[in-house]
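Quick mapping for you: the protein sequence lines, in order, are chains E and U.
This note's numbering numbers the first residue of the first sequence as 686 and each following residue consecutively.
This note's numbering numbers the first residue of the second sequence as 10 and each following residue consecutively.
If you are wondering where the hints come from, they were derived from the structure by calculation, not from laboratory data.
Note that this is a predicted model, so its numbers are computed, not measured.
Treat the hints with caution; some may be incorrect.
[Stated by the list, open to error] Derived pair list, reagent style SDA-like, types lysine to any residue, alpha-carbon separation capped at 20 Å:
| no. | chain 1 | residue 1 | chain 2 | residue 2 |
| --- | --- | --- | --- | --- |
| 1 | E | LYS924 | E | SER861 |
| 2 | E | LYS803 | U | GLN238 |
| 3 | U | LYS70 | U | LEU37 |
| 4 | U | LYS38 | U | LYS70 |
| 5 | U | LYS185 | E | GLY949 |
| 6 | U | LYS58 | E | ALA793 |
| 7 | U | LYS58 | E | PRO798 |
| 8 | E | LYS803 | U | GLY239 |
| 9 | E | LYS803 | E | VAL743 |
| 10 | U | LYS185 | U | PRO338 |
[To be verified] Incomplete in silico selection of chain E near chain U, CB under 7 Å:
| no. | residue |
| --- | --- |
| 11 | LEU894 |
| 12 | THR903 |
| 13 | ALA908 |
[As the list claims (entries may be wrong)] Computed footprint of chain U on chain E; a stretch qualifies when at least three of its residues, placed anywhere within it, have a C-beta under 8 Å from a C-beta of chain U:
| no. | stretch |
| --- | --- |
| 14 | 791 to 805 |
| 15 | 931 to 944 |
Yeah, the Cβ is synthetic: ideal placement off N, Cα and C, and Gly gets one too.
Take a look at the letters that make up each chain.
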Amino acid sequence: MDLSALDPVALIASLLVAATPLILAATGELVAEKAGVLNLGVEGMMILGAIAGFAVAVESGSPALGFLAAAFAGAALSLIFGLLTQMLLSNQVATGLALTLFGLGLAALIGQPYSGIKPPSTPQLDLPGLSDLPVLGPLLFGHDAMLYLALALVAGSWWFLSRTRAGLILRAVGESHDAAHALGYPVVAIRLGAIAFGGACAGLGGAYLSLIRVPQWTEGMTAGAGWIALAIVVFASWKPWRVLLGAWLFGGVTILQLNLQALGLDIGSAWLSMTPYLVTILVLVLISADRTRVALNAPASLGRVFRASG
Amino acid sequence: MGLKNVTAAAAIALSAGVGGAMAQQETLKVGFIYVGPVGDYGWSYEHDKGRLAIEAALGEKVETTFVESVPEGPDAERVLTQMARAGTDLIFSTSFGYMDQVIKVARQFPDVKFEHATGYKRADNVATYSGRFYEGRHVIGLIAGHMTETNTIGYIASFPIPEVIRGINAAYLAAKSVNPDVEFKIVWVSTWFDPAKEADAANALIEQGADVIMQHTDSPAAMTIAEEQGILAFGQASDMLEFGPNARLSSIIDNWGPYYVARAQAVLDGTWESMDTWGGIDSAMTEIGGFSEKIPFAVRKEAMDAAVAIASGRLHAFTGPINRQDGTPWLAPGETASDGDLLGMNFYVEGLEGSIPN
Chain E
686 MDLSALDPVA LIASLLVAAT PLILAATGEL VAEKAGVLNL GVEGMMILGA
736 IAGFAVAVES GSPALGFLAA AFAGAALSLI FGLLTQMLLS NQVATGLALT
786 LFGLGLAALI GQPYSGIKPP STPQLDLPGL SDLPVLGPLL FGHDAMLYLA
836 LALVAGSWWF LSRTRAGLIL RAVGESHDAA HALGYPVVAI RLGAIAFGGA
886 CAGLGGAYLS LIRVPQWTEG MTAGAGWIAL AIVVFASWKP WRVLLGAWLF
936 GGVTILQLNL QALGLDIGSA WLSMTPYLVT ILVLVLISAD RTRVALNAPA
986 SLGRVFRASG
Chain U
10 MGLKNVTAAA AIALSAGVGG AMAQQETLKV GFIYVGPVGD YGWSYEHDKG
60 RLAIEAALGE KVETTFVESV PEGPDAERVL TQMARAGTDL IFSTSFGYMD
110 QVIKVARQFP DVKFEHATGY KRADNVATYS GRFYEGRHVI GLIAGHMTET
160 NTIGYIASFP IPEVIRGINA AYLAAKSVNP DVEFKIVWVS TWFDPAKEAD
210 AANALIEQGA DVIMQHTDSP AAMTIAEEQG ILAFGQASDM LEFGPNARLS
260 SIIDNWGPYY VARAQAVLDG TWESMDTWGG IDSAMTEIGG FSEKIPFAVR
310 KEAMDAAVAI ASGRLHAFTG PINRQDGTPW LAPGETASDG DLLGMNFYVE
360 GLEGSIPN
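Bound conformation, chain U alone (with noise of 0.2 Å):
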C-alpha cells in the first residue's frame, strides 16, 4: 500500500516534470504515420526521406517521430491518438486509408495540425496533399507503348481509388497514343505491400504475355521479378535502380521533401493553414527518374519533351477527345480534364478491358 503511493507519487513528479521540461524548449514535434515499413524502398521509404528533410533543414527547432506499418481503418486512429497526446504539433499521415481517422482525431485534438497525404477530406486544423502521379504516369506510358514487343503491359493495381484508377487510365491513354496495338493487363491485388503477392501478380502478368510491367504497390517486388524473368518495369514511388538494374526503364519518384520541410517551417513562423496542395512535375514533388540506356534516343526524347510540356502546362496528361470505357463521350476534343474529375475518378477510360472491382 505504502509502496504503491509512493509509486504513484514518483509517476506524478515524474510526468510534472517531463511536461516542465517540454513547456520551456520550444522544439516542434512533427510525426509520422505510414502504412509499410520505412525499408519498404517505395512509398514510406519516401515518406521517410522528406521526414530526415525536416530533421535535415530544421535541426534543432524539430524533433520528429514515426510509426511504420500501421494498418488503414481503426488502428490508425489509435496511432494518431496517441500521437497527438504525446504532445505532436504536426502529424503527416500518409495512406490514403487514414482518411476518415485523421478527421475524428483532429476534432478531438484541435490544436494539433494534421496532414494527409491523397485525401480529400480537410478541416481547420486538416490539410492535404498528392503529388500529380497521373503525370509522371504519362511519361512512364509513352515510354512503355514503345517499348513493348509483346504489346501487352501488366499493370499490378492495389485498391480502387480514385488516385490509383487515374494512374492506369493515363499510362493507358499515354502508351495507346504512341502504340494502338497496345492492350493493358491489370491485376488488383488488394494490399499496398505484400511482396510476395506483389511478385505472384507480376509472373501472373509474364505468364500473360506481358513484356512491361508498371505497378501500384509499395514493394521492390515486381521490379526483382522483371529482373529475373528479363522483362522491363518501372520504379514506383522510388527509384528502384538497385532491383532491376536492367529491367528498369524509368521511374516516378515521389519527392516530398520540400514540401515537409515548408510546412513544419509554416508551423513554426504561425502560418500554417489548412488547404490543399497538389504537386506536378512543375513543382518536382512528382519527379521522372533517369532513362535507361535500352530505350532509343528518340523514345527519350519524346518522354523528355512530355515531361517538359506537363511542366510547363502546354501539355495535360488527360486531354479530349477521350470516351469513357461504355462508350460515353467524357472530354470533348481539345478540353482537358478538371482536378474535380480526377479526383473523383472512378471509370475506366475507352479501351480498357475488365471491371473496376468495387
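In isolation and in its complexed conformation, chain E is listed as follows (with noise of 0.2 Å):
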C-alpha cells in the first residue's frame, strides 16, 4: 500500500463537493429549529427538490433555473406542514415523518418520466489565473457556483441570527413563543418565513445531489442524507459554523475510507464504514457533557405548540 497515492487534493475537493448536500439542508433546518420548529420532513423537502431541479433543469437546459425551482419545490412543502403545524396545531414530530414519506412518494411520481436522462452539466467556476494555481486552484477556485453559495449561506445564517435585530427576533420566537408573542411580534409568520427557508435550503441541497454529485435521477436517491442533516444541527449545537464542521467531517470521513479501500489499505471496510457515524456519536457525547451548555444551545420552544392567547 503506498499513501502517495492518495492526491490529497482531489481527496479534499470531492470532500467539499460530499459535504455541500449535507450544508444546504443542515443550515436550512438550523434556521427552522431556531425558531422553535422540529421539522423531521427534510429528507422529504430534499428528495422533492432533487426532483423538481432535475426536471427543470432538463427541460429548459439551465441548472440555474433548476435550482431555483429546487428551492421553491421544498419551501411549498414545507408550507404544507408549516400550514399543519402553525395553523392547525398538529403534532411537529409526526407532521414532519409524513412530510417524509409523502415527499418520497411524490417525488417517485413526479421522476417517472426522468430516469436515464443526462441533466444538463453545472458549469464550474472558472476564474482565470486563480483556477489555475497548483494547489489552492482546485482546492479553493475549481468548484461549482452551488458549493460557494452553500457556504455563503452559513455566513449569511451566522450573521443574520447573531448580528441582526430580524434574527434576535426569530430567536426569541424560538426560546419563548408566548413572550414574543406578548411582545407584539407575530409568532405564526416568523415561524412560517422559518420554515420556508429550511424547505428552500433543503431543496437545494436535494438538488446539488441529481445535478451536481450523482448526476441522475433516480428514487429515493437521498437515501438518509436528511437525516443526517438533522443529526449535523444537533451535532452542531444550533450554531452555524459548526454545521459546516459536522458536515465537513461526516462528509470527509465517508470520502476518505472510500479512497482508502480504493487504494488497498487492508484494514475492515465495515469499521471504515462504521467510523462517520462513530465519529459523530463521539462528538455528541463530547459536546454534551456539560448539560447546562447543551440545555442553552437548543431553543426552549423547539417541538412546542404554540397556541395565541389573549
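Combine both chains into one complex, guided by the hints.
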C-alpha cells in the first residue's frame, strides 16, 4: 500500500462536494429550529428538490433554473408542514415524518419520465489565473457556484442570527413563543418564514445531489441524507459554523474511507463504513458532556405547539 | 359511548363483508417486498418487472402488491407479517438480508407460501431461488480483461456475502485468464442502494486508475459517473444503457419473469412445493445484455462463445486449477466447483488483494 497515491487535493475537493448537500439542508433546518420548529421532513423536502431541480434543469437546459425550482419546491412542501403545524396546530414530529413519506412518494411520481436522462452539466467557476494555481486552484477556485453559495449561506445564517435584529427576534420566538407573542411579534408568520427557508435550503441540497454529485435521477436517491442533516444540526449544537464542521467531518470520513479502500488499505471496511457514525456519536458525547451548555443552546420552545393567548 | 359502539359494529360488519367477498373470488394474491425503490433501475426494478410479468401472464387470476424500500432486518418481519395477515397467498421476498425474517414469519403462517431470493434457508412453505450471476460475471470479466488499458478494474461491492464474493472471484478469474497483468481494486460500500455513495466509490476507484468499473450495488450511479469521466462500465441487474450510452460495454440482466409466472401458476394448480432454483444463462434467468460497438469483434465473439459454452454446460466459470488467496489449493486441474462450495464461498481466489470484511 502506498499512501502517496492518495492525492490530498482531489480528496479534499471531493470531500467539499460530498458535504455540500448536507451543509445546505442542515443550515436550513438550523434556522427553522432556531425559530422553535422541529421539521423532521428534511428527507422529503430534499428528494422533492432533487426531482424538481432535475426536471426543470432538463426541460429548460439551465441548471440555475433547476436550482431555483428546487428551492421553490422545497419551500412549497415545507409550507404544507407549516400550515399543518402552525395554523392547525398538529404535532410537529408526526407531521414531519409524514412529510418525508409524502415527499418520497410525490418525487417518485414526478420522476417517472426522468430516468436515464442526463441533466445539463453545471459549469465550474473558472477564474482566469486563480483556478490554474497549483494546489490552491483546484482546492479553492475549481468548484461549482452552488458549493460557494452553500458556504455563503452558512456565513449569512450566522450573521443573520447573531448580528441582526430580525435574527434576534427569530431566536426569541424559538426560545419563548409566549414572550415573543406578548411583545407583539407575529410568532406564526416568523415561523412560517423560517420553515420556508428550511424547505428551500433542503430543496437546494437535494438538487445538488441530482444535478451535480451523482448526476442522475433515481427514486429515493437521497438515501437518508436528510436524517444525517438533522443529526448535524444537533451535532452543531445549533451554531451555523459547526454545521460546516459536522458536514465536512461526515463527508470527509465517508470519502476518506472509500478512497483508502480503493487504495487497497487492508483494514476492515465494515469499520471504515462505521467511522462517520462513530465519530459523530463521539463528538455528540463530548459536546453534551456539559448538560447545562447543551440546554442553553437548544431553543427552549423547540417542537412545542404555540397557541396564541390574549 | 353510543357512537363508539356503532362505529365498532360498522367496522366488524365491514371487515366481515370484505372477508366474505375474498372467500368467494379465487384470485391468487401475490406480494413482493423490495430492498430498494422500484425505480432504482437495477435490482428491485427487475424484480418489479417480474411482478408485472405475472400480471400480464395470469391476468384476472392474480392480484399483486408490493412494498418497496424495506430495510433488511427487523423491519422486514413487520412487512412480511402484515402481508401474510392481509391474506396474501404467495410472497416473494427479494433480498438476501430478509432470510431469517422470512423463516420466522413463514413458521407463523404455514398456509402462506414464501419465496426467498438469494438465500439458502428453506422450510415446507419457503422456497429459495437465485440466478447464477457468476456465469454472467465470467463473461463480463473476459470483456473487462481485454478492454482495460490501465490494467486496473474497479469493483464496487455491497456486503461480504457469498453471492458478492463469488461474483468478484468469477470476474477476476475470467479477466486474469485473458490479461495476466490485470488488477482488481475493490471498494465495499456496505449498502445495496445509495446513489451518492456509489458515485463517490466510483470516483475513488477512477482516482486510483481504474478504467473499467463493475458493481454489485443496485443503482446506476456508477454508470453515470463512468459516462461522465469517459471510462467503461457494465450494467448490473438491469441493462442501464440509457445511463451510459458510451460507457456501457455490456450488462448482466436478472430476468425473473418466467420463474415468477411459473411459481404463481404452480400455486394456482396446487403443485407448488418448496425447492431451490438456481438459474443460469441456460434458463435465461441470467441474461447477458447486448455488446457495445466499442468491443472489438474478436472479443465479442470470445465472450459470446463463453456464454454459449456455459449455457450448454461445456464450460464452468470455476474450473481448476484454482488456489485460494493464501495459496492453498481449492480446485485441482480440470475440477469444477460444486454448488455447495459456490453457495458458501467466503474467500478470495489467489491473485486478489485485500481482505474480505467480516
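> If you take the shortest Cβ to Cβ gap from ALA908/E to chain U, is it below 7 Å?
Replying inline: holds, 4 Å
>> So is the stretch 931 to 944 of chain E in contact with chain U by the C-beta rule, three or more residues under 8 Å, or is the coverage claim wrong?
In response: Three-residue rule met by the stretch 931 to 944 of chain E, so holds; n is 4.
> Any CB of chain U closer than 7 Å to the CB of LEU894/E?
Replying inline: Hint on LEU894/E: holds, closest Cβ of chain U at ~6 Å, below 7 Å.
> Is LYS803/E close enough to VAL743/E, meaning Cα to Cα at most 20 Å?
Replying inline: Measuring from Cα to Cα gives roughly 8 Å; hence the hint holds.
> For the pair supplied as a hint, LYS58/U and PRO798/E, is the alpha-carbon distance within the 20 Å limit?
Replying inline: Roughly 17 Å separates the two Cα atoms, so the pair holds.
>> Holds or violated: LYS803/E and GLN238/U, Cα atoms, limit 20 Å.
In response: holds, 13 Å
>> Between the alpha carbons of LYS70/U and LEU37/U, is the straight-line distance 20 Å or under?
In response: Roughly 6 Å separates the two Cα atoms, so the pair holds.
> Is it true that the CA of LYS38/U sits at most 20 Å from the CA of LYS70/U?
Replying inline: holds, 9 Å
> Does SER861/E lie within 20 Å of LYS924/E when you go C-alpha to C-alpha?
Replying inline: holds, 18 Å
> Is it true that the CA of LYS58/U sits at most 20 Å from the CA of ALA793/E?
Replying inline: holds, 17 Å
> Can the hint on THR903/E be confirmed by a CB-to-CB distance to chain U that is less than 7 Å?
Replying inline: Check passed: Cβ of THR903/E comes within 5 Å of chain U, closer than 7 Å.
> Are LYS803/E and GLY239/U close enough, with their CA atoms no more than 20 Å apart?
Replying inline: holds, 14 Å
The structure fails none of the hints (numbered hints given earlier).
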